[in-house]
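Q: Each chain, letter by letter, is given below.
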Amino acid sequence: MQFWNEIIHTALLGTEKKQVAVDTLPSGLQEAAGLVVAQTAIDREEQFLQLAAVGCNFRQSGVSPLQQETAIIPEAQPESLPYCSPRATQVLKDILAEDNPGLLGYWLECCATTQVLAPPELVPALLNRAVNDRKGILQDVTTVCGRRGEWLSQFNPAWASSAVVDDVELWQTGTPDQRKTVLRRVRQQDPAKTRDWLQQAWPQENANSKAELLKQLDGMVQPEDEPWLTDLLAEKSQKVKEEALRLLKQLPGSALVQQYQELLQSLIYLKKEKALLGMISKTVLHIQLPFVPEKGEYAPGIEKLSNDKVYNDGEFILLQLIQSVPPGFWEQHFGMPAEDILAQFTGKNEKYLPAFVKAIVLFRDRDWAQAYLEYRDIFYEELLGLLPTKKQEAYCLRNFKQYAEPIIQQLRHWTREWSPELAKAIIDHTAKHPYEYPIAFYKTNIHRIPVSVITILDSAGPGGMPQQAYWNNIADQFSKLLRLKEQILHAFKE
Amino acid sequence: MNLSEDQILALAPDDASRKSGKDLANPAKWVSKGADTSVLWGECQGSGSKPYQTQIDLGNLAFKCSCPSRKFPCKHGLGLLLLKARHSKSFTDTQAPTWVSEWLTRRTEKGEKKTEKKDKPVDEAAQAKRQQARQQKVADGLEELLRWIKDIVRNGMLNLPEKGPAFWENMAKRMIDAQAPGLAAQIKSLGELNFYTEGWQTRCLDGLLKIYLVIKGYKNIDTLSTELQQDIKSLIGFPQNLDELKAQPGVSDQWFVLAKQVSEEEQLMVERNWLYGLDSRRYALILQFYVRSQSPAMSLTPGLLTDATLVFYHSAFPLRALVKEQRSTKKPAHPPEGYSSWTAVLDNATAGNSRYPFADDWPCIVRELKPVGFNNEWWLQDAEKNSMPISRNYGAIWNLLAFSGGKPVQISLIGKEKEYEPLGVWYNNEYKML
Chain A
0 MQFWNEIIHT ALLGTEKKQV AVDTLPSGLQ EAAGLVVAQT AIDREEQFLQ LAAVGCNFRQ
60 SGVSPLQQET AIIPEAQPES LPYCSPRATQ VLKDILAEDN PGLLGYWLEC CATTQVLAPP
120 ELVPALLNRA VNDRKGILQD VTTVCGRRGE WLSQFNPAWA SSAVVDDVEL WQTGTPDQRK
180 TVLRRVRQQD PAKTRDWLQQ AWPQENANSK AELLKQLDGM VQPEDEPWLT DLLAEKSQKV
240 KEEALRLLKQ LPGSALVQQY QELLQSLIYL KKEKALLGMI SKTVLHIQLP FVPEKGEYAP
300 GIEKLSNDKV YNDGEFILLQ LIQSVPPGFW EQHFGMPAED ILAQFTGKNE KYLPAFVKAI
360 VLFRDRDWAQ AYLEYRDIFY EELLGLLPTK KQEAYCLRNF KQYAEPIIQQ LRHWTREWSP
420 ELAKAIIDHT AKHPYEYPIA FYKTNIHRIP VSVITILDSA GPGGMPQQAY WNNIADQFSK
480 LLRLKEQILH AFKE
Chain B
0 MNLSEDQILA LAPDDASRKS GKDLANPAKW VSKGADTSVL WGECQGSGSK PYQTQIDLGN
60 LAFKCSCPSR KFPCKHGLGL LLLKARHSKS FTDTQAPTWV SEWLTRRTEK GEKKTEKKDK
120 PVDEAAQAKR QQARQQKVAD GLEELLRWIK DIVRNGMLNL PEKGPAFWEN MAKRMIDAQA
180 PGLAAQIKSL GELNFYTEGW QTRCLDGLLK IYLVIKGYKN IDTLSTELQQ DIKSLIGFPQ
240 NLDELKAQPG VSDQWFVLAK QVSEEEQLMV ERNWLYGLDS RRYALILQFY VRSQSPAMSL
300 TPGLLTDATL VFYHSAFPLR ALVKEQRSTK KPAHPPEGYS SWTAVLDNAT AGNSRYPFAD
360 DWPCIVRELK PVGFNNEWWL QDAEKNSMPI SRNYGAIWNL LAFSGGKPVQ ISLIGKEKEY
420 EPLGVWYNNE YKML
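Listed in order, the protein sequences are those of chains A and B.
Sequential numbering of the first sequence, starting at 0, is according to numbering that gives the first Met the number 0.
Sequential numbering of the second sequence, starting at 0, is according to numbering that gives the first Met the number 0.
Honestly, the hints are just simulated from the structure, not real lab data.
Keep in mind it's a predicted model, so treat the numbers as computed, not measured.
Check the hints yourself; a few may be wrong.
In silico DSS-like links for lysine-lysine, alpha-carbon gap of 30 Å or less [claimed, not checked]:
#1 K238/A with K209/A
#2 K492/A with K18/B
#3 K162/B with K16/A
#4 K70/B with K92/A
#5 K442/A with K18/B
#6 K215/B with K16/A
#7 K479/A with K70/B
Based on the provided sequences and hints, a complete structural model is requested.
A: See below:
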């Protein structure tokens with residue numbers, strides 16, 4: 000293309016300053032160029048234009064492909080699962096066009112559960128969504144994109160995170176968020192491995208990172224972690240110490256919890272006393288307020304000054320101790336079942352009952368959660384998740400009228416679909432408050448809302464204008480979402 | 000004819016219609032609906048008291064709806080087609096109501112009348128006078144244009160990027176005055192070049208040379224072949240006589256619609272439909288111009304086969320054509336034949352260049368091309384390991400790769416020289432637009 004560069008060079012400078020050197024033209028052009036130059040009747044501009052026109056045609060006609068043996072691409076591995084149906088593909092296209100993360104998540108879940116794959120044509124769109132989404136669809140996208148997605152990701156740096164990367168590599172070289180995610184995930188399957196990871200990396204981590212990593216172990220502490228966590232109480236950083244202490248408190252058998260139990264044994268106990276002029280004897284709960292030291296701490300992780308007017312300092316210490324021991328401790332200590340234990344805390348001692356709720360939640364004691372709610376029919380949103388599925392629904396329905404808002408807040412965390420009855424109660428409520436629950440609420444929760452609620456949308460709503468008009472608009476969009484969800488269900492049933 | 004949802008949605012005039020059409024693909028929205036082999040109809044309950052009557056001629060994909068929308072097809076037409084695609088079994092009524100059969104009859108009559116309507120008396124003397132006056136104007140205009148090009152060549156193109164749009168627009172206007180709209184459009188497109196991207200120099204010089212060749216060709220038109228004479232005239236902006244063209248027998252074939260490219264030029268929608276004839280093995284470009292929100296004269300859907308007769312415009316390199324008769328549309332049973340290698344594609348391009356030095360992008364179908372990465376660029380490699388680069392601005396590379404999975408696929412492309420853009424790919428015997 001040397002000759003063409005010569006022509007372009009001349010064109011840029013202008014024929015007033017430069018002429019095409021005919022001898023630089025390739026031999027195939029020489030004859031034509033000779034004829035052009037031989038024309039004395041035309042000016043040099045026309046001579047140039049004619050030479051360039053011939054050169055242009057010569058260039059266009061002489062294109063040849065690049066013979067490059069080393070330009071190779073590996074083939075994607077064949078898939079082990081079939082692709083989803085054309086119906087499911089079309090629904091996915093509609094969802095991607097709607098830009099609805101809730102429905103997308105639901106489609107991905109259905110696809111993964113049915114053990115089919117997204118078609119190749121939609122793999123790039125899904126990978127793009129996965130990298131732009133912060134709500135954790137990456138795992139599902141990686142699953143449904145199959146080997147084609149894995150293969151494709153290697154060519155696009157933006158999708159690198161969706162490629163299957165070794166966990167160890169991700170832990171060692173990933174971003175802070177990726178490291179936290181992989182730590183949490185691997186912790187569930189192999190706690191010992193994550194303990195090794197943490198211990199090896201610990202000297203290189205800064206205080207913030209240490210605290211953040213410890214937070215990921217929340218609810219997943221193992222007895223084997225105790226020695227290491229105890230060592231961490233000597234760390235310089237207050238943040239790290241607090242996190243280590245918080246985790247130690249979650250270990251029912253830890254020395255710390257044992258210490259709390261021993262303290263409680265001496266402060267709260269049952270004593271048999273005579274009643275009715277010695278005719279009968281009854282068990283009486285004795286509570287001795289702890290001595291609050293002026294200097295130093297009462298016990299590790301226990302505040303000695305009350306921050307609540309209802310409790311004095313001694314009561315406040317007791318409250319903290321009760322909420323820091325597993326509820327099962329009381330069954331051993333008092334030798335009676337949960338219901339009877341709770342029945343002891345009456346009158347002025349009833350103020351300690353909320354601490355039992357905290358202990359139930361901390362140690363995730365499902366039996367105590369049920370026993371507590373049978374003993375006191377009060378709505379505790381924290382206990383909801385510890386009830387069996389059916390009881391959760393019944394508990395929500397029973398308390399819905401009075402506690403609609405906190406219940407809805409809790410239900411937003413459910414991974415399963417709400418029952419039709421519960422969903423109806425929720426929609427009845429949310430439709431009456433369209434400004435508090437705009438279409439975004441339904442979009443986010445669409446995977447939890449059963450399709451059957453479509454029948455109540457027309458009759459729901461606040462009634463008065465202009466709220467009713469606003470709701471009607473929401474209902475219209477909401478029904479479209481429900482229809483899409485219905486299509487997903489049908490598509491994966493095929 | 001069973002259109003896929005993608006093909007139906009591709010008919011939508013805009014995103015809003017696409018979205019609304021999807022919403023109407025719901026049985027609850029339709030008071031009645033039915034279908035037979037050639038027509039689809041339904042009554043959709045809108046905001047008015049009477050439902051809208053929607054009907055679709057499946058043979059030629061023609062729509063009619065009683066709704067007030069000026070979009071074409073309207074959301075009801077799209078919704079009905081989508082509903083048919085999704086719930087075909089629910090179209091149990093096969094007896095077309097009167098309003099449908101009347102419309103079909105009117106369409107047939109109209110088609111017949113159209114063919115009868117010709118031979119209006121023409122004042123040949125006046126026509127010749129007008130032609131002569133125009134030729135003079137064009138000749139004067141071309142002289143002025145040649146001077147303008149020579150000025151650029153003399154002073155050099157180096158300072159062209161600094162010239163504002165007025166530099167190009169003024170000359171384009173002069174060509175409009177000279178009744179050479181084809182050249183005006185070429186000058187305008189030169190002014191729209193991005194002078195701050197690599198390779199503008201070649202693109203600009205190519206454009207100027209093309210105009211120069213047209214000017215010289217017009218001056219020496221009597222020495223050229225009849226076809227090339229027509230090309231020169233077309234490039235200047237002399238229209239070809241459509242009645243004369245339609246009087247020709249044309250090429251009857253099953254035409255595979257490779258792509259539909261729609262752009263807006265001077266408040267006019269320009270639709271470029273790229274076709275390939277299965278038997279004739281010819282490529283064709285069907286251009287349609289229409290005002291936004293109005294309907295193009297005919298509907299061509301990428302991925303479908305149209306049984307039609309095309310008449311090619313007179314040219315040394317015939318590509319542009321008009322549809323003389325469109326009979327039916329159906330799904331293709333298998334991919335069309337294509338070039339076996341890049342060498343075959345480029346040999347054909349070279350042969351074309353020798354006959355017609357003005358070629359813009361042209362389409363081709365190539366079998367067994369594999370996208371490969373080389374020198375930070377994506378290339379398409381054929382079975383002989385010959386590769387050509389994919390245009391740098393190509394936006395659907397990941398979709399192409401996803402379909403390919405590292406294996407060769409049959410691809411339809413558009414481009415020339417060293418810049419090609421894939422249009423569609425055959426995947427599992429089905430044509431997928433990229």
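Q: Does each hint fit the structure? Answer for all of them.
A: Here's how the hints hold up against the structure:
1. Taking the CA atoms of K238/A and K209/A, the gap is near 9 Å; set against the 30 Å cutoff, the hint holds.
2. Distance hint between K492/A and K18/B is fulfilled; the C-alpha atoms sit about 25 Å from each other, no more than 30 Å.
3. Annotation: proposed proximity of K162/B to K16/A holds, straight-line Cα distance about 20 Å (limit 30 Å).
4. Among the hinted pairs, K70/B with K92/A is consistent with the structure: their alpha-carbon atoms are about 23 Å apart, no more than 30 Å.
5. Of the supplied pair hints, the one linking K442/A and K18/B holds, its CA atoms being roughly 17 Å apart against a limit of 30 Å.
6. With a C-alpha separation of about 25 Å, the suggested pairing of K215/B with K16/A holds against the 30 Å cut-off.
7. Of the supplied pair hints, the one linking K479/A and K70/B holds, its CA atoms being roughly 23 Å apart against a limit of 30 Å.
Figure legend: structure checked against the earlier numbered hints; every hint is met.
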